[in-house]
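Undergrad: This is what each chain is made of:
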Amino acid sequence: MKHIMSFGILASTVLAFASPVLAQTVFVSTQLRPIEEATVVREELLKDVGAVDYVVEEPPQFAVRMEAERQAGKRTVSLVGALHGELSPLADKDTLEPLDDLAKKLAASGMPQSLLDLGKLGKSTQQYIPWMQATYVMAAKKEALQYLPDGADVNALNYDQLIAWGKNMQEATGQPQIGFPAGPKGLMARYFQGYFYPSFTGGVVRTFQSADAAAGWEKLKALWTYVTPNSTSYDFMQEPLAAGEVMVAWDHIARLKNAISAAPDDYVVFPAPAGPKGRGYMPVVAGLAIPKGAPDKAGAEKIIEHLSMPETQLLTASKVGFFPTLSVKLPPDLDAGVALLAGAVTATQASKDAVISLLPVGLGDKGGEFNKVYMDSFQRIVLQNEPVADVLKAQGATMAKLMTDTKAACWAPDAKSDGPCPVE
Amino acid sequence: MTTDTISAAADTPKAAGFISSQRWLLWSGIAALCAWVLVPIYLVALGALGGRQGVYVWPKTGLPTGLSLEPFFLFLKTEGVVQSFLNSLGAAGITVALSILLGAPAGYALARYDFRGKDSYRLLVLLTRAFPLAILALPLTVSFIRLGLYDTIIGVGLIHTVLALPFAALVTQGIFLGVPRELEEAAWVFGCTRIQAFFKVVAPLALPGIVATAVFAFVISWNEVFAASVLTVRNRTLTAYLLTVLSESPMHYRFAGGLMLILPSVVFIFAVRRYLFAIWGISSK
Amino acid sequence: MTNSRPWIPYLLILPSVAFLALLFVVPLVQTIWLAVSDNGAPSLANAERMVTDINFTRSVKNTFLLTIAVVPVQIAIALAMGTMVAKVGRGRETILWIWTIPLGISDLAAGLVWLSILQNTGYLNSLLFGLGIIGRQASWLSYQTPVALFIAIAVAEIWRGTAIVMVIIVAGLNQVPKEFKEAAEIFGAGPWTRFWRITLPLIRPALQSALILRTVLAFEVFAVVYALGGRNFPVLVGEAYNWQNQNQNYSVAAAYAVLIMIISLAATLIYLKALKVDPERLP
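Chains as they are written, first to last, in the working numbering: chain A, 1 to 424; chain B, 1 to 285; chain C, 1 to 283.
Just so you know, the hints here were simulated from the structure itself, not pulled from any lab data.
Computed from the model, here is a short list of chain B residues facing chain C with C-beta under 10 Å:
#1 Trp58
#2 Ala111
#3 Arg129
#4 Ala134
#5 Ser143
#6 Val215
#7 Val219
Restraint-style ranges between C-beta atoms, simulated for each label pair:
#8 B:Pro59 x A:Gln384: 28 to 36 Å
#9 A:Gly174 x B:Phe270: 42 to 50 Å
#10 A:Lys74 x C:Lys178: 56 to 64 Å
Every residue gets a Cβ at the ideal spot worked out from N, C-alpha and C, and that includes glycine.
Could you build the full structure based on these sequences and the hints that come with them?
TA: So, in structure tokens, the structure goes:
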């Protein structure tokens, strides 16, 4: 025992002094964390860009680290890659280096201005450069298609047809077969902001407690009788799909990819259903940003430029399934699963009744509480069966206070507003 | 006298039958508890070695459906794994050493003395477990950056010591209370100084408690994820590294990572088991 | 103990106090301040938000219920393990080592393995299906089966956390002098009486340590609960994390943490008073 202790002390002392100090650009990313994708990033995407240390991090630790480095005034991280919603609190505290020069260069080489504008996060300077984009789609096992109601086209469903489909599947198999990622780390909030509310009400904030919204919630309650109750444990729909617990699922394309790529012939991927006001969808963007005071700003900019090149963006799409932010055409030889997902994404964007819902802008660090308004409404109305009108009134009041506190103006699909976005 | 009664009881056939059914009950109880502990570990191994689709089979048979060591090879190939393993060992070593050095004296003080502030001290020490560390992470990281402990294994070891300290103090207190004071006083009578008496008389009898502290310190340090992830960028511990990387990876990788991470703790406890469970019921009078 | 040098205990606890003061107390005070302030001024706004949250009452109730269900069972199992293994000759250390294996498993892995047992396509259902007890997959972890969910989480937590209690209690059992029990046996005391009247009182210090540590840890239960219960079983630490990570509101998260701290310290004080271990009275 004494030997073990002495060995431990010795080893730790040696290690403490032996940690190599590497002079590399540190690139911390909350995206592309799974081991296979991170390996692709290190070995292929960042191959020719010099000495980079690609470190993956979970969003909670990322937020704490960035804020701690800001408060301490000493930066170790030179480049961050994260979701729009994760970069918003950083921009709110003025911790990101303005990247307007880079933005101008990229606009000239084919990045759509609408995407670049998202990267301003509501401020006057460019806060992040859009790195990859994705969206949400639905996926179904091919064997579920036989239960589609008559006359329904899986690529252009509406909610009534989805409900009928769910009913048929439940009667045939004895169990509900639709799944939603309503778990603690699931992206259900984006369902409400990008799909549910635009499809039923044509708005996101303005129409939060409108009559259309109430009708929509009733429809959702009807749908939920055919949704598996285990949905409140699902964070990623690829696992329940692969395990056969559900046959139909809605989720982020990156969270469906594993199941679909493993057996592409077993799945169809299609746009989410349309409601009375259209087929809402939400593009999500991951961005690259440089924290103020970064030790290697030049190296970080070089990496951003490298990752924004058409070749790298196409390689990213084909290997990890996140789509390019540049306006480039995807190559024909994509991985079969990625091709299926890309097909559904195109179908969504090109559908005649598409209603685009943008990521929230101007919420600062209240983005999480914004999501909470929708998730609490979901929990109270659908899971706890509280009366729709009361819940919408209470949650609407919370929403209104949030908007006035953050002074955030309305964003698409809501009509523009002069001051804070009102809840009508 | 006692032994006569017992061996006489063992000789009679009827009593022998009674004793062996008691033994049978005892051993089946022990076997049941061992199975209770080991079956879930076996299931972790199944999930880890069953390949990508093994975790999705229905119904599951509980038998291996095909062996695939792919996740383990991928882990070993990934750059930085060996270094992070050494980092984890280093942090655990620091934690074990420091928690014993800081906790054992405190345990002795709590056991032998009644002083003002005793309860307050115990509450202070328990605070480190009563307050979720992840909520403290922000001001803690800021302090560490300012102290120059950011991204070092020493920093991680120090924080893990904070987490292990309540175990160190309370467990050693319990153990020191069980060592009769008369032994120490006898040693003083025979000319030892207080410190000599402690090391020659008390410490050997308190060895199980000290080793228990070492075990808890090692395990706490090895399995801690949040602080280890936030406080380091490049000098990650193996646990922080693997669990971050695996949190969104396919299921069988997560099982493989979980399996790999159990091993060092299990090996450590195996190595010290004799000291941990020593001196069974030895008469101290 | 003769108090000829009353500064000795303070000297002995000084290193740990200094250590904690430097590394822990400062961030702690800052976080507590965050919980009870709003924009720099003292305010109960965060506490109010915490208490009016839709999941607050449930998370308090769940945490208490789980602690009450799990801790006594673990103490009982640990005592049983200790007494059983005392009667074994060789192989005692190996058996004890096996029983400490769950110590080495991280809570995330523990959650993962119990999920693989209890999920719809998991081992439990496979077993029941194979035995013909159920016709198709049964749901044990959904919000429609709260009792089954609670039992599942309790069982998983008992599995994960008993080893901690066992190590402490076994260390305490080690120190019970054999002569006491033998003397009691001579005087005709049966095994139960020996256990209740001799062993238990003598291991009071170990019992107190084990209870305090296990209860404080139980109020912080999180990873296994979230792996199995998802959104269906809110607990205090989980809500604290949600407020910090999902809702990005560090102040309300700090309020939850302060609440957990107060509950844990209160429980500790109760144990300290109820299970007083007085240094003067022990043999």
